[in-house]
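For the record, the sequence lines run as chains A and B.
Per my numbering, the first sequence runs over residues 1 to 121.
Per my numbering, the second sequence runs over residues 122 to 242.
Worth flagging that the hints you see were computed from the coordinates, not collected in a lab.
Owing to the predicted nature of the structure, the values given are computational and were not obtained by experimental measurement.
Hints are supplied without guarantee of correctness; some may be wrong.
Using 30 Å as the maximum straight-line C-alpha spacing, the simulated DSS-like pairs for lysine-lysine come out as follows [stated by the list, open to error]:
1. A:Lys14 / B:Lys202
2. B:Lys188 / B:Lys135
3. B:Lys194 / A:Lys72
4. B:Lys135 / A:Lys72
5. A:Lys14 / B:Lys135
6. B:Lys188 / A:Lys88
7. A:Lys73 / B:Lys194
8. B:Lys132 / B:Lys193
9. B:Lys132 / A:Lys73
10. B:Lys207 / A:Lys81
Residue-level listing of the chains:
2 protein chains.
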Amino acid sequence: MSVSVVSLNEKFSKINVQNEYRIIAQMNNYYFKLVRMNREFIWHAHPDTDETFFVVEGELEIALRAKTLRLKKDDFVVIPKGIEHKPKSIGECKLILIEPAGTLNTGNAGGDLTDTREEWI
Amino acid sequence: MSVSVVSLNEKFSKINVQNEYRIIAQMNNYYFKLVRMNREFIWHAHPDTDETFFVVEGELEIALRAKTLRLKKDDFVVIPKGIEHKPKSIGECKLILIEPAGTLNTGNAGGDLTDTREEWI
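Please take these sequences and the hints and turn them into a complete structure.
Structure below.
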């Protein structure tokens, strides 16, 4: 039986690097990923899917073309498919991302920050 | 622009009843639901979908046929489709459920506890 409890605290304690994604669970075709984000990301959109950002610790700003969202601990937001956004952490921000497997971090923008690795912890 | 930040604390503060589900967000065809659970639920399975239980506060036990899972704050579990499970809160447990819209709380079991309401807060 492979069903097991996932502890966010335990999983975060295993992540020693910033700005890399780690998969911690799968629900149907969706991944739950953790990241210790410490950067300003690039403008991009995901043409085919919504994407969820959940703040576990720290603060996150997500710029949209029309306004800037500000998230703190225990806040989350669903960015609808096709909506351009630019996430930026305020210092380090611990995040859960929920999105379909295969969703590219840079969406339609591509570029050097594109990260196609799928590393589980 | 309808994209907005969802605060778990603010949403929970609006829930005055136990054991009723409230929808707080949608990602593609998935709902994020909150519940202040205070009961032992029934054995059931969801034949067509996985289901995620995330504990925000309190403690939750989920009996499977092979073992019992124990979750506390910041723990979560994905119950695979088709796996029989019986959730039981230890006192009140504040939970986030993530599952496709239309997923029945009682799954394949039916019965008096079936709740088909879709109430947003």
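Status of the hints after comparison with the structure:
no.	hint	in the structure
1	A:Lys14 / B:Lys202	holds (28 Å)
2	B:Lys188 / B:Lys135	violated (35 Å)
3	B:Lys194 / A:Lys72	holds (18 Å)
4	B:Lys135 / A:Lys72	holds (19 Å)
5	A:Lys14 / B:Lys135	violated (35 Å)
6	B:Lys188 / A:Lys88	violated (42 Å)
7	A:Lys73 / B:Lys194	holds (14 Å)
8	B:Lys132 / B:Lys193	holds (20 Å)
9	B:Lys132 / A:Lys73	holds (14 Å)
10	B:Lys207 / A:Lys81	violated (35 Å)
Violated hints for the displayed structure, listed by number in ascending order: 2, 5, 6 and 10.
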